[in-house]
Amino acid sequence: MSAGTTAVKRAMVALSCLALAAVPGGASGQTPLKVFISADMEGVAGVVTSEQLGPTGFEYQRTREWMTAEVLAAIEGAKAAGATEIVVADAHGNGQNLLIERLPDDVTVIRSWPRPLMMMQGIDSTFHAAIFLGYHSATTNMNGVRAHTISSARLAGVYLNGTPMAESGINAAIAGHFGVPVVMISGDDAAVQEAQDLIGPMEGAEVKRAISFHSAATMTPAAAQALIREKVRAGVQRRNELRPYVLNAPLNLDVTFKNYRPAEMLAYLPMIERRDAHTVRFTADDMVTISKFIEFIVTYCPDIEP
1 MSAGTTAVKR AMVALSCLAL AAVPGGASGQ TPLKVFISAD MEGVAGVVTS EQLGPTGFEY
61 QRTREWMTAE VLAAIEGAKA AGATEIVVAD AHGNGQNLLI ERLPDDVTVI RSWPRPLMMM
121 QGIDSTFHAA IFLGYHSATT NMNGVRAHTI SSARLAGVYL NGTPMAESGI NAAIAGHFGV
181 PVVMISGDDA AVQEAQDLIG PMEGAEVKRA ISFHSAATMT PAAAQALIRE KVRAGVQRRN
241 ELRPYVLNAP LNLDVTFKNY RPAEMLAYLP MIERRDAHTV RFTADDMVTI SKFIEFIVTY
301 CPDIEP
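Counting from 1, one number per residue, gives the positions in the sequence shown under this note's numbering.
What the hints contain is simulated information worked out from the structure, not anything from laboratory work.
Calculated pairs, EDC-like style, for lysine to aspartate or glutamate (alpha carbon to alpha carbon, straight line, at most 20 Å):
1. K258 - E295
2. K258 - E273
3. K34 - E76
4. K34 - E230
5. K79 - E241
6. K34 - E85
7. K79 - D105
8. K79 - E230
9. K34 - D124
10. K34 - D106
11. K79 - D106
12. K34 - D105
13. K292 - D124
What follows is a set of in silico ranges between Cβ atoms, one per label pair, in the way DEER data are often shown:
14. D197 - Q30: 33 to 43 Å
15. P250 - C301: 20 to 30 Å
16. I100 - S125: 22 to 32 Å
17. E59 - A267: 34 to 44 Å
18. Y300 - N143: 27 to 37 Å
19. E273 - R154: 16 to 26 Å
Where a beta carbon is used, it is the ideal one built from N, C-alpha and C, also for glycine.
Using the sequences and the accompanying hints, generate a full structural model.
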């Protein structure tokens with residue numbers, strides 16, 4: 001081989017490397033596609049009562065298995081649609097429900113509290129799609145298994161600009177702040193319908209049908225996982241058709257407490273308006289500030305420890 005031929009081949013190799021470097025995703029040519037998953041537990045298939053929702057419940061360990069399996073199904077669906085990076089927020093109870101050793105090594109998991117973006121911690125403007133798993137309907141919804149908003153023990157209503165909110169609405173607005181559309185939700189029929197009516201025509205996996213607050217006709221875990229896998233794949237593929245849920249500023253957050261004392265005490269703060277015996281209003285310019293305020297009022301107590 002002549003020196004001239006060798007030099008030409010070296011130049012061609014160098015040009016090929018530069019071309020590969022210019023392609024998003026590197027040598028594979030795969031375009032980066034970031035997906036955010038917010039996973040709650042009340043909307044998981046089979047979940048109906050409080051005995052399943054916390055460490056002291058007799059069926060909690062089984063429910064952790066079901067929740068983790070639904071997250072795995074969502075990850076598989078997202079990857080089938082081209083996802084290259086996935087962040088999962090463990091967004092129920094103590095934030096330590098998922099069996100993280102069962103998740104793929106290339107997934108990042110957000111755990112425990114407090115966190116400024118609550119159930120959406122980890123999302124930012126680099127993401128292309130958001131997914132809500134295991135969600136439930138709002139505390140103001142007369143239907144739905146385990147229906148509540150943020151805190152079933154403390155709050156009787158959460159409203160943004162006069163609209164009653166489920167966690168799906170609040171979290172969609174946080175995603176919308178960063179320009180990210182919600183492409184799929186799973187839960188009971190009430191939760192899915194509520195989210196689609198408010199946020200838009202995302203994919204919905206109805207893994208159970210609400211009968212009452214503590215009762216449902218549910219799919220088996222395996223059947224629910226198969227449905228979630230397919231709906232996530234379809235939702236991520238449809239991401240460019242779905243618009244982020246964006247609320248116009250100023251944002252008026254009205255929170256109604258089940259007891260009067262929190263409203264009374266919060267009204268001592270000059271930025272809080274007391275609307276009635278149980279309700280306060282907080283006004284902000286963006287959803288990040290709204291999220292921080294909600295996290296504060298449901299987390300802070302005078303005897304808080306480090």
